[in-house]
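S.K.: Residue strings, one per chain:
4 protein chains.
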Amino acid sequence: MIIVMTKDSSTDQLRLVEKRILDHGLKPQTFRGQERCVVGVLGTIPPDLKDEMELLPGVIEVIRVTKPYKLASREFHPENSVVMVGNVMVGGPEPVVMAGPCSVEDEEQMVSTARAVKAAGAQILRGGAYKPRSSPYSFRGMGLDGLKLLQTAKQETGMPIITEVMTPADVDIVAQYSDVLQIGARNMQNYNLLDAVGELDKPVMVKRGLAASYEEWLLAAEYVMAGGNTKVMLCERGIRAFEQYTRFTMDVAAIPVIKRLSHLPIIADPSHSTGKWYLVTPVALAAIAAGAHGLLIEVHPNPDIAKCDGPQSLTFANFSNLMHQVHAVTAAIAS
Amino acid sequence: MIIVMTKDSSTDQLRLVEKRILDHGLKPQTFRGQERCVVGVLGTIPPDLKDEMELLPGVIEVIRVTKPYKLASREFHPENSVVMVGNVMVGGPEPVVMAGPCSVEDEEQMVSTARAVKAAGAQILRGGAYKPRSSPYSFRGMGLDGLKLLQTAKQETGMPIITEVMTPADVDIVAQYSDVLQIGARNMQNYNLLDAVGELDKPVMVKRGLAASYEEWLLAAEYVMAGGNTKVMLCERGIRAFEQYTRFTMDVAAIPVIKRLSHLPIIADPSHSTGKWYLVTPVALAAIAAGAHGLLIEVHPNPDIAKCDGPQSLTFANFSNLMHQVHAVTAAIAS
Amino acid sequence: MIIVMTKDSSTDQLRLVEKRILDHGLKPQTFRGQERCVVGVLGTIPPDLKDEMELLPGVIEVIRVTKPYKLASREFHPENSVVMVGNVMVGGPEPVVMAGPCSVEDEEQMVSTARAVKAAGAQILRGGAYKPRSSPYSFRGMGLDGLKLLQTAKQETGMPIITEVMTPADVDIVAQYSDVLQIGARNMQNYNLLDAVGELDKPVMVKRGLAASYEEWLLAAEYVMAGGNTKVMLCERGIRAFEQYTRFTMDVAAIPVIKRLSHLPIIADPSHSTGKWYLVTPVALAAIAAGAHGLLIEVHPNPDIAKCDGPQSLTFANFSNLMHQVHAVTAAIAS
Amino acid sequence: MIIVMTKDSSTDQLRLVEKRILDHGLKPQTFRGQERCVVGVLGTIPPDLKDEMELLPGVIEVIRVTKPYKLASREFHPENSVVMVGNVMVGGPEPVVMAGPCSVEDEEQMVSTARAVKAAGAQILRGGAYKPRSSPYSFRGMGLDGLKLLQTAKQETGMPIITEVMTPADVDIVAQYSDVLQIGARNMQNYNLLDAVGELDKPVMVKRGLAASYEEWLLAAEYVMAGGNTKVMLCERGIRAFEQYTRFTMDVAAIPVIKRLSHLPIIADPSHSTGKWYLVTPVALAAIAAGAHGLLIEVHPNPDIAKCDGPQSLTFANFSNLMHQVHAVTAAIAS
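Chains as they are written, first to last, in this note's numbering: chain F, 1292 to 1626; chain X, 1292 to 1626; chain B, 1292 to 1626; chain G, 1292 to 1626.
Everything labelled a hint here was simulated from the structure, so no lab data went into it.
Remember, predicted model here, so these are calculated numbers, not experimental data.
Treat the hints with care, as some may be off.
Copies of the same chain look alike in the list, so a pair counts if it fits in one copy or across any two.
Said to hold, decoys possible - List of simulated lysine-lysine pairs, DSS-like, C-alpha gap at most 30 angstroms: (1) Lys-1358 <-> Lys-1493; (2) Lys-1550 <-> Lys-1567; (3) Lys-1310 <-> Lys-1298; (4) Lys-1310 <-> Lys-1567; (5) Lys-1358 <-> Lys-1341; (6) Lys-1361 <-> Lys-1567; (7) Lys-1409 <-> Lys-1493; (8) Lys-1567 <-> Lys-1358; (9) Lys-1550 <-> Lys-1298; (10) Lys-1361 <-> Lys-1298; (11) Lys-1341 <-> Lys-1567; (12) Lys-1358 <-> Lys-1310; (13) Lys-1409 <-> Lys-1361; (14) Lys-1567 <-> Lys-1298; (15) Lys-1445 <-> Lys-1567; (16) Lys-1318 <-> Lys-1361; (17) Lys-1318 <-> Lys-1567.
The shape of chain F in the complex, shown without the other chains:
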């Protein structure tokens, strides 16, 4: 941590800053520039020290130098982490595609979609049983019945299941019926929920919040890992920026950035980030070309009558074409 003093800070102010650092069992190291005096702090910095130091008289700025996350950081875990989902390797050399409908609607829909996406090459089946919806009057998912239909589809196809959990009280039941628990963007800072999935021994995918910085996102992963569950993957699903033509703004650079800052696998969601089916394929290929470890794609037997988010769902035929191109781009960047 670096503490920057104002140009005309007094010696007494400097002494107080140094004393506070020593009070925490840390060591101050002061150096004086032509225009500024700055104090370095050596040792392990408690998370709230920055706030405390900013208040002292004569201090103009406090700059954190070490990252506030450790378990999620590549510096403390240089090798890539691989998260096993059944026998599917997430974070390995091959990108993993998780596909399926936005919402579980009925058995026919789930099983036919599972068969179609499996045939096209998807490895994990997605489907929402508990749906976060901005309006209380929208369809909010089938709940436990939906989880059971996901199980049926798993039995029929052998595909592991990823599905969203929205609240701590549902963690056990969702964990029982699924292989990966998804934390949605709107819950990325629902800390009780992060704590709850941190106690599982089951993969968790943490989607980036609409307005979350990389650091906040990695701290959300850190919550899960601090609870003891290191089977964490991340998912970039678009941030909120000023452009309203697309539902969100896909931050494709997040993929190489996260790979640099963290050892955790990084997945991309071109369906939710764009909100329009005709943008899904180009953005999915972009994510693969940028190095994503996988994709999360909405597919529906008949997007016209999907119970939610139809505009971004692919038909089976379009999904099959997408998979063909995903393989080609994967081969191209590996060459």
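Please build the complex by placing chains X, B and G on the supplied structure of chain F, with the hints as guidance.
M.R.: Just chains X, B and G, lined up with the frame of chain F:
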């Protein structure tokens, strides 16, 4: 709802659009412009119809005309709502100030702060027992012990209490020890939590999410109201924009906008939105001048040693000055 | 400047960093923490050094400690600057109101508006002769004829004139016909234009760019001042954030922030920031309560038929009410 | 255009709206829903009509249905446009790579870079002679001497030149020495500059402004085309969002969106959007996979000593690797 067709949409495409509208028991009304054909939809629109129509061939855009929220809307409730907190009127002609520390730390801190803010003119006491913190390693609040200290402070001063609830499982206990339940910005779209407080007969304050549009924010209020609890107030606490000098960007125009779109009281939080104590007073006065029904202000006996968010806490003396100016500005805009 | 080395940077990497600093005639000061080694740089830092240092092997981050602007900075000019416009003092204790139509349309419109805003208490007359419009097919202003009508209105009322200049070739003519030259938000980083007005001995108002940080905005002022013209005032006119209900998002905290970082006067524009006439008064009062040195307000004899930006123009009657409240709030915050 | 009336608008208010539409020689078509009355406007809508209608009593919202740009729109020009730069086809099936240093520094630097990027497969040479810099104290380019060095490099290698023009007064000289004139992001709404390049018969590349919506960006292109110059290409170079780790946020979805809305070629700039050399290759490949017609890449013989923006420049070796992968991804998506 208005459905805009592409320039070269066919008659068959138009017929399909009209048929779908009729299938929902609604009535299409088509008119043809020089460059466009558009179809109006008359009747009560189900929330997911927009998604469905966007998918039809020949459709270029679907525009919602009625607001997706009703209970929170001024159109359906033209008079201002007043929420009573004990015998404090929130939403009436006088702005209400809710003040206190970021976190409950100990009895001495809570009681002395309660006395000081009451003496200065605050009507409601704030203090966090459950704290949402971006790092799992930060102080996360005293929990139930904190709620009990809030009660002690209430007994000593008679001030009603506002405090945050973070998860559905805590709603009952927080409701038991407080007079207003606060939904934090990071939980504005934690729908299970909104449902849970919607079942109470107790005031709820819904803070705006970091990236929430006015519509999404009002829909969060609608969740609570749809559950039967109409004692809802809103709080603008800054949005995330590109500027990083302030912690968030206070959207002061939100105050008159919300007063136009909704009948619910609107409070402003200059402490969290700015993140710097020396910005709290000017931004608080700005909110009052813009017509806010109240303020939420962090005050601490000694901000230097506050357990969280010290940089934005006011001292007792600064808070007292703030109150003096709040009264003056209130009188000025009423004149 | 602080250079942060990676955890496992080598001694050779550190030596290279130190050598580069010495090559620039500066002095490195190294200190080693438990997890990091950092190097401080003492002396006057050239603007491009940060870029250079970031590239060296072993360097993870470079943090600038001194601000990149000097002439605009309060640290180097602690007293408030006052800019005289005729005999109107901008930056003094009384807020200055600049009012008038978005565009100059005809003599009757300009003169009647000038008389009305003067009668209501405005000190400076605004009106656009050269209009930046997002569409090439919109009305783009009367040009020189518009400047002449501004002069007429000045002769009739004695009010000094503020008007926008869009390109270096027009600087001389606009300077000849006006008392303050306005640099619009879209031209805030039109450096040739900033250079051109920097050569004048005439007041310049620099509006904040739609996406400009405080630092970039102050650097735009620095451009003008570096050219020798220190008669600079700033204008907050709303930034682009995700909310689309208002035209832009008024960043009211910018007012106290700029007053802290800079000695230059800070004006607020509630008309362009909100884009809706019914939001202008509450946001104007908010700006005054936050400490703005003045306001820029659109007023039109008949907003219904204004040639541009009618939705945000006030009628004479509404403007007169606004002035009444501005005086009341000014007195309130001075009390 | 669709005009939405408030729930309780009166018949008189409706009549006034209809009358105004008729006054403009347009035809109103009214339909009444259960909750709303809306009026459609048939015919060619003048750009300022929306503002005018919004002001009328009883009007709650005005929605534009036709796009405000025509020449740039795919609806009015369904086939892709190809812009010829010398004999290089921009907008055809093969992506075009424009590479070179941020700034022209000296002959040796320019010629060696030109040879290296040509050898690696780049088709157009970039280099800045006039540099927009946020600080007035930074290196601002060599000006005419720089243009001459670009000519030298062209003579040595046969590569056409792209370089930035910052102000109308420089348009002629820049046009004389270059093959494509670049309008930088900060000048995207410098309308005098757009007008000036609109009079040329030479290709122009319009970079997206930091805060420009797709519509504003296409309107900037429309400015150039309305002047008679249809040789326009667009360049996505990152927008300003809240994340500060990368310099800007590359909006990769802009590529397929622009291809849908417009017929103009779309180029991507991964160097400026990311600001970090190690992100350039993954983001460049992402852009190609998303369908970009070309790339703009900074390359420098020795990024460590580049006069500007060194952190994002590639070495010759890294650029050569990038080109190898660009070809592979291009082949993959064409397969």
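S.K.: Now tell me, hint by hint, if it's right for this structure.
M.R.: Tested hints:
no.: 1; hint: Lys-1358 <-> Lys-1493; verdict: within (26 angstroms within a copy, 41 angstroms between copies)
no.: 2; hint: Lys-1550 <-> Lys-1567; verdict: both (27 angstroms within a copy, 14 angstroms between copies)
no.: 3; hint: Lys-1310 <-> Lys-1298; verdict: both (20 angstroms within a copy, 27 angstroms between copies)
no.: 4; hint: Lys-1310 <-> Lys-1567; verdict: between (57 angstroms within a copy, 23 angstroms between copies)
no.: 5; hint: Lys-1358 <-> Lys-1341; verdict: both (12 angstroms within a copy, 21 angstroms between copies)
no.: 6; hint: Lys-1361 <-> Lys-1567; verdict: between (37 angstroms within a copy, 23 angstroms between copies)
no.: 7; hint: Lys-1409 <-> Lys-1493; verdict: within (23 angstroms within a copy, 50 angstroms between copies)
no.: 8; hint: Lys-1567 <-> Lys-1358; verdict: between (36 angstroms within a copy, 19 angstroms between copies)
no.: 9; hint: Lys-1550 <-> Lys-1298; verdict: between (39 angstroms within a copy, 18 angstroms between copies)
no.: 10; hint: Lys-1361 <-> Lys-1298; verdict: between (34 angstroms within a copy, 13 angstroms between copies)
no.: 11; hint: Lys-1341 <-> Lys-1567; verdict: between (43 angstroms within a copy, 13 angstroms between copies)
no.: 12; hint: Lys-1358 <-> Lys-1310; verdict: both (24 angstroms within a copy, 27 angstroms between copies)
no.: 13; hint: Lys-1409 <-> Lys-1361; verdict: neither (37 angstroms within a copy, 43 angstroms between copies)
no.: 14; hint: Lys-1567 <-> Lys-1298; verdict: between (53 angstroms within a copy, 20 angstroms between copies)
no.: 15; hint: Lys-1445 <-> Lys-1567; verdict: within (28 angstroms within a copy, 43 angstroms between copies)
no.: 16; hint: Lys-1318 <-> Lys-1361; verdict: within (21 angstroms within a copy, 33 angstroms between copies)
no.: 17; hint: Lys-1318 <-> Lys-1567; verdict: between (55 angstroms within a copy, 26 angstroms between copies)
In terms of the numbered hints stated before, the structure departs from hint 13 and from no other.
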